[in-house]
Amino acid sequence: MLRVEGLRKAFHTRTGPVQAVDGVSFEAPDGQITGLLGPNGAGKTTTLRMLYTLMSPDAGRVLVDGADPALEPVRVRSALGVLPDARGIYKRLSARENVAYFGHLHGMDDRLIEARTQRLVETLDMSEFIDRRAEGYSQGQRTKTAIARALVHDPRNVVLDEPTNGLDVMTTRSLRNFLLGLRAEGRCVLLSSHIMQEVAQLCDRIVVIAHGRVVAEGTPDELRASTGCANLEDAFVQAIGSDEGLFA
Amino acid sequence: MSARALWVVLRKELLDAFRDRRMVLVAFLVMPLAVPLVLAGTTALGARKQAQQLESRLQLPVIGAEHAPNLVGWLRQRNVEILPAPPDPDAAVRTQRHDVVLRIGAGYATEWRAGRPAEVEVIFDSSRPLASGATIARVRGLLDGYAQTVGTLRLVARGIHPSVAAPLLIGTRDVATPESRFDLSQQLLPYLLLLLAFIGGMQLAIDATAGERERQSLEPLLATPASRESIISAKILATAVFALTSITVTLLAYRVSFDLMPTGMVDASFELGPAALARLFVVILPVVLLGATVLTALAAFARSYREAQGYLPLLIFLPMVPTLVLMVAPVRTQLWMLAVPFLGQNQLILKILRGEPIGAAEWLVNVGAGLLLVAVAWVIAARLYHREQLAASS
Chain A
1 MLRVEGLRKA
11 FHTRTGPVQA
21 VDGVSFEAPD
31 GQITGLLGPN
41 GAGKTTTLRM
51 LYTLMSPDAG
61 RVLVDGADPA
71 LEPVRVRSAL
81 GVLPDARGIY
91 KRLSARENVA
101 YFGHLHGMDD
111 RLIEARTQRL
121 VETLDMSEFI
131 DRRAEGYSQG
141 QRTKTAIARA
151 LVHDPRNVVL
161 DEPTNGLDVM
171 TTRSLRNFLL
181 GLRAEGRCVL
191 LSSHIMQEVA
201 QLCDRIVVIA
211 HGRVVAEGTP
221 DELRASTGCA
231 NLEDAFVQAI
241 GSDEGLFA
Chain B
249 MSARALWVVL
259 RKELLDAFRD
269 RRMVLVAFLV
279 MPLAVPLVLA
289 GTTALGARKQ
299 AQQLESRLQL
309 PVIGAEHAPN
319 LVGWLRQRNV
329 EILPAPPDPD
339 AAVRTQRHDV
349 VLRIGAGYAT
359 EWRAGRPAEV
369 EVIFDSSRPL
379 ASGATIARVR
389 GLLDGYAQTV
399 GTLRLVARGI
409 HPSVAAPLLI
419 GTRDVATPES
429 RFDLSQQLLP
439 YLLLLLAFIG
449 GMQLAIDATA
459 GERERQSLEP
469 LLATPASRES
479 IISAKILATA
489 VFALTSITVT
499 LLAYRVSFDL
509 MPTGMVDASF
519 ELGPAALARL
529 FVVILPVVLL
539 GATVLTALAA
549 FARSYREAQG
559 YLPLLIFLPM
569 VPTLVLMVAP
579 VRTQLWMLAV
589 PFLGQNQLIL
599 KILRGEPIGA
609 AEWLVNVGAG
619 LLLVAVAWVI
629 AARLYHREQL
639 AASS
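Protein chains in written order, with this note's numbering: chain A, 1 to 248; chain B, 249 to 642.
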């Protein structure tokens, strides 16, 4: 389970400080898929980066299964499977070697890595390219490798930043089924997206984020009800628009 | 920092590097071929030039040759070809058309007959000792020889024993060992070795940090439980291992090139035995580690692969500084100098090549100072690896 409380983060740029995340709080429970929905630049990636310990928040805190990354970074990283926005894989290694590298970094032994890789190869349908060097992989093959690498240590919590970015329809479909499988296994899944339909189709709970703040939160039905829109896309626009009306 | 994570990253970085065909080609084929070629080439060229200057027919323009037919005839007998005088002898020497021009004074014959010293002038340019030094010495030697022969004959003609004019018997004993009498190529060797040690792993270091970030795999790596200290240490060690392997192959190639060269081309007594090689490695090791650490820190500091490569000229220049200083102002080695990076290593490499012993204090100061500097560079590199901008650049 993931919990985020009052997160704030500012960046210092040449044109002055930019408040990327401005007091974000939400919860992503186990056995559910939580979607972080917001336009580009809303602060989704920064929020996730604080969650997986790449950045430390200026204020607020993160709890991963009750552990604070500021105090127990190793425990948090072990409990998390992360598919960051940056998902480069090593071109001179095969997919299997890419996955095994991360398995070893998580302290797993060879037998465990092999067994776990085998399962991921089956669920993600990677058998065709698993032992080929990653040079020349398609976008979908690269993403599958990055996902397998992120999940090799069987984490309870899975964080994915824009997972369907650049994927074709078929790969998106199989990824969606894969995420539903993770949910069925009782894991906590948190994904970010700027694509309405994707979040609506997949997520049990949606956290709408804009200008670094949470502007709406709830199940799709709750969102529709709270905004008074029958259609989720309108609800999304309404949530972001009303944010400006309410707080700006 | 965990040893296990360090080993995992080190193994992966080396596997990744050794699969990079271009990197391997440069480190294990181009360098081992280029370095001995450059060194052996300069040696052979130097040896040939020297032999030519000593043994070949010496071409000597002479001004006023008609004033001293005996001297000219004597020179001709000694493998000297007398050339007509150039119109402007000073310019001819300065522009290197001739190494030496001999001028025989117009009053030579008169002075000679009167038994007074007759004037001859050797015109040369002392600012080019490498190019014309041997020729100048040869001409002087010939003139000295002629003067001595005639002088001796004159003394005998007057009934005086020639030893009267030779109050001193000067004997010489050269204490140089075969190893210490080394040539140009061995003066270049310390610089080349230090340069290779310092930046030999450049490609790997830049690729492992700046490249890893540019290819977007650094962020997932930093999200694993491996500490940044483990990751950076492993990347530094991988760079060092790669550079050291490249140097070993290069040194072995250099060694083999010596055996392949025709005897007489080089000082065959120069030996780089296993003991000398081992000592060279001890001297080089801190430089290799320092280079790997500095390169990794630079790669973490630079915003891109390209920017990291931009520091290359500066890094090539650094190991050159002590060699340049020593060229301009040769100094006696003092203990504190061994603590100065590159200067200390340069001096010790020279000692090893000259076959001189190195004392315990010298080892301690040199290796100790080197490792201390590595530690400082490591702390800086680790701090740079902790910056949030490192992975999250976009």
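Rather than coming from a laboratory, the hints here were simulated on the basis of the structure.
Glycine included, each C-beta is placed from N, C-alpha and C at the ideal position.
Among the clues, some could well be false.
[Unchecked claim] If you want the ones that stay clear, here's a sample from chain B, every Cβ over 10 Å from chain A, calculated:
{"no.": "1", "residue": "252"}
{"no.": "2", "residue": "366"}
{"no.": "3", "residue": "408"}
{"no.": "4", "residue": "469"}
{"no.": "5", "residue": "474"}
{"no.": "6", "residue": "475"}
{"no.": "7", "residue": "506"}
{"no.": "8", "residue": "578"}
[As the list claims (entries may be wrong)] Partial chain A-side listing against chain B, Cβ under 8 Å, derived:
{"no.": "9", "residue": "74"}
{"no.": "10", "residue": "94"}
{"no.": "11", "residue": "96"}
{"no.": "12", "residue": "102"}
{"no.": "13", "residue": "137"}
{"no.": "14", "residue": "138"}
{"no.": "15", "residue": "229"}
Q.
Need the list of violated hint numbers for this structure, in ascending order.
A. Checked against the structure, the hints that fail are numbers 1, 4, 5, 6, 10, 11, 13, 14, 15, while the rest are satisfied.
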